[in-house]
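Based on these hints, arrange chain L on the given structure of chain A.
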Amino acid sequence: MGTLPKHSLVGFFNDPDELMHAAAQARSEGFQHLDAYTPFPIHGIEEVLGLDEERSGRFPIPPVPFTKFKGVGFHLQRYRRIPQLALTALCIGALGGFVLQWWTHGYDWPINVGGRPEGIGAWPAYIVITFESGILLAGLTTFFSLFAFTKLFPNPFVKTLDPDLTNDRFALVIPVDPENEDYETEAAKLLQRMGADEILKVD
Amino acid sequence: MSIIEREPTTTEVVTTRGEGLTSHPPGEGQHGHGGMTPDGTAPLVDPKYSMNDITRDVLKPMFTWPPLGWHIAFGAAQTALLIGAIVVAIQIKQGLGILGINNPVGWGVYITDFVFWVGIGHAGTLISAILFLFRQKWRTAINRSAEAMTIFAVQCAGLFPLLHVGRTWKAFWLIPYPNERLLWVNFRSPLLWDVFAVTTYVTISALFWYMGMIPDIATARDKAPSKIQKFAYGILSMGWTGSVRDWAHYERAYAQFAWLATPLVLSVHSVVSFDFAVSMIPGWHTTIFPPYFVAGAIFSGFGMVITLLVPMRRLLRLEHIITINHLDLCNKVILLTSMLVGYAYISELFVALFYAGAPYEEAQFVYRLMGEHAWAFWLMMFCNVMLPQVFWFKKIRRHLGIMFVISLFINVGMWFERFNIFILSLEHDYLPANWAYFRPTLFDFGTTLGSFGLFFTLFLLFCRVLPTIAIAELKTVLHKPAGDKPRERDFQVLAWPAKNGHANGHATKEAH
Chain A
1 MGTLPKHSLV GFFNDPDELM HAAAQARSEG FQHLDAYTPF PIHGIEEVLG LDEERSGRFP
61 IPPVPFTKFK GVGFHLQRYR RIPQLALTAL CIGALGGFVL QWWTHGYDWP INVGGRPEGI
121 GAWPAYIVIT FESGILLAGL TTFFSLFAFT KLFPNPFVKT LDPDLTNDRF ALVIPVDPEN
181 EDYETEAAKL LQRMGADEIL KVD
Chain L
1 MSIIEREPTT TEVVTTRGEG LTSHPPGEGQ HGHGGMTPDG TAPLVDPKYS MNDITRDVLK
61 PMFTWPPLGW HIAFGAAQTA LLIGAIVVAI QIKQGLGILG INNPVGWGVY ITDFVFWVGI
121 GHAGTLISAI LFLFRQKWRT AINRSAEAMT IFAVQCAGLF PLLHVGRTWK AFWLIPYPNE
181 RLLWVNFRSP LLWDVFAVTT YVTISALFWY MGMIPDIATA RDKAPSKIQK FAYGILSMGW
241 TGSVRDWAHY ERAYAQFAWL ATPLVLSVHS VVSFDFAVSM IPGWHTTIFP PYFVAGAIFS
301 GFGMVITLLV PMRRLLRLEH IITINHLDLC NKVILLTSML VGYAYISELF VALFYAGAPY
361 EEAQFVYRLM GEHAWAFWLM MFCNVMLPQV FWFKKIRRHL GIMFVISLFI NVGMWFERFN
421 IFILSLEHDY LPANWAYFRP TLFDFGTTLG SFGLFFTLFL LFCRVLPTIA IAELKTVLHK
481 PAGDKPRERD FQVLAWPAKN GHANGHATKE AH
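So the sequences go chain by chain: A and L. Under the numbering used here, the first residue of the first sequence carries the number 1, and numbering increases by one thereafter. Under the numbering used here, the first residue of the second sequence carries the number 1, and numbering increases by one thereafter.
Isolated chain A (complex conformation):
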């Protein structure tokens, strides 16, 4: 769940492109910890907002191995966790399914059908369930890790900045320092210059 910073300015836009331009401009002017609320996914906005550079949070996430080259995922390491977890779960599920069949048919309760091989000798017959159990565990992991990472839970009382943020409005959130009025004014000027049709002060 994208949590709103305690003190921030929220600029509302009617157009995804305006939001992108505003975000890029805010970033280039040095504003940090930006966030945005959009009714649909906008490709590339994570990079523009600089989410990849964030290492703050309760549990600092170590860098992901094997992705430290440009173009594949250097920028968005933090947001590549779900595929990695899913791959791990796929392997564990498949291995577990295979071992279950091997053990039950080879050791716990061998069934002799016409003298055909038992245990590991009958491995081709185990492939289907191996595959299915791998997919099942990977799918469940993907589903639950989504909620673990986003900290979403069945919450009917969630507060939204504007009901139209899930409809046709876009919001750019710039955290501000209440002590530093210049910073706040700069942020407000930026939002207005970039075409925000409403600016909301949250504090």
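Note that these hints are calculated values from the structure, not bench results. Keep in mind the model is a prediction, meaning the values are calculated, not measured. Don't take each hint at face value.
[As the list claims (entries may be wrong)] EDC-like, lysine to aspartate or glutamate: derived pairs with alpha carbons at most 20 Å apart:
#  : chain 1 : residue 1 : chain 2 : residue 2
1  : L       : LYS137    : L       : GLU319
2  : L       : LYS230    : A       : ASP162
3  : A       : LYS6      : A       : ASP203
4  : L       : LYS394    : L       : GLU348
5  : A       : LYS151    : L       : GLU251
6  : A       : LYS151    : A       : GLU29
7  : A       : LYS6      : A       : ASP162
8  : L       : LYS223    : A       : ASP162
9  : L       : LYS137    : L       : ASP429
10 : L       : LYS227    : A       : GLU29
Below, chain L without anything else, positioned relative to chain A:
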């Protein structure tokens, strides 16, 4: 609100990724390249509809009393479900003997229904997962309803093996768990593979469907007119706010599900076909079965998609979102898969009659062509191979009435395809002394009717309470909203002092 002073450098920063909505410089054109159909002629949604229009039109059926047509359809579906429930209750009490199954034909209408319903499900996953991976953007208008169709169809399918085991209350013995009977299931049996394949399929499809729906349920929560609806959709939407951080994880999870569902959907009907291909009955024991079944499944599934969407888009007034172009593309898939199954039928016949030299196989296919049940074979040939050929003509592909009727024929034809494969093969196996004629009873028909009742009941309820279109996804393929046109809104707040220093109308809106 059009005072936008953009620095020239800004555009460069924004367009580094070179994809999506930001790929064209501002003010270039009204349509993003994502808004084109595959042939690049028309936008997927008419440019005159804004994001707000899409939201309003999709959510309207959820917040208004449904039209008369919905009530009639729901009443009919409930009646069929009630009949099915009564029939199933009698069947569970009396046992399988009241069905048409006899000594050689141990797998009768129940298994036919099972494979029919599993097959229906495949189109939904094809649309939601495989077309997603191929970046077919036209899928966005129909993927939600097709996925719903998948889940309901697989639920119907799952009923039949559970009933067909006879002692339904012991069906849980199919689950491998350490038990007091000290027995394990036979993991080497294709019937058990089926248990795993179908349960995995229904689980993954349901999770994929629900996950894809969360942002749209959040839209429904924010627009719901009553407090009860707000509360219910609030729980279902998992507190979704649309933060970019959430979208980043969500997008990856969605793509992940597509990658998992794609091999899964191809495997499920392959595994179903192993039930037959792995056994030794003439007419079943062929290597062509897995791809043949998968093609047939997609064919029948798209038939059902047309059967559902043509009335649905009319009843829910979604003609401008599920356009005739979408139905046209579905009909093209039907045409393709019709030829694939036609090829399978013909090659199966050719191999059996002229190539393999297996006498029992040959006798089986002569029986299919000219035996007592030959009408079922020719009905299948007519509905699945000959009739869909009319979709070569563009006018017919785009004619609602004709495509609806043809889709009904496809449903019938695909049901009889399974009837042919399963029942005709069992009627004439090896020993002539064993041969018998299969005659379904009213209980067979009643259960089949009941499964249709269940399917349509669930689908109609879905139309009533959940967003039938993937709203958020559809907005990504929408035309770019006109930047210089002021948006119609009942309030306009210009909150901050303008550049020249004095306040521009209103004060800052304070939120605490």
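Each hint, compared with the structure:
no.	hint	in the structure
1	L/LYS137 - L/GLU319	holds (18 Å)
2	L/LYS230 - A/ASP162	holds (15 Å)
3	A/LYS6 - A/ASP203	holds (6 Å)
4	L/LYS394 - L/GLU348	violated (31 Å)
5	A/LYS151 - L/GLU251	holds (15 Å)
6	A/LYS151 - A/GLU29	violated (30 Å)
7	A/LYS6 - A/ASP162	holds (17 Å)
8	L/LYS223 - A/ASP162	holds (11 Å)
9	L/LYS137 - L/ASP429	violated (48 Å)
10	L/LYS227 - A/GLU29	violated (43 Å)
Violated hints for the displayed structure, listed by number in ascending order: 4, 6, 9, 10.
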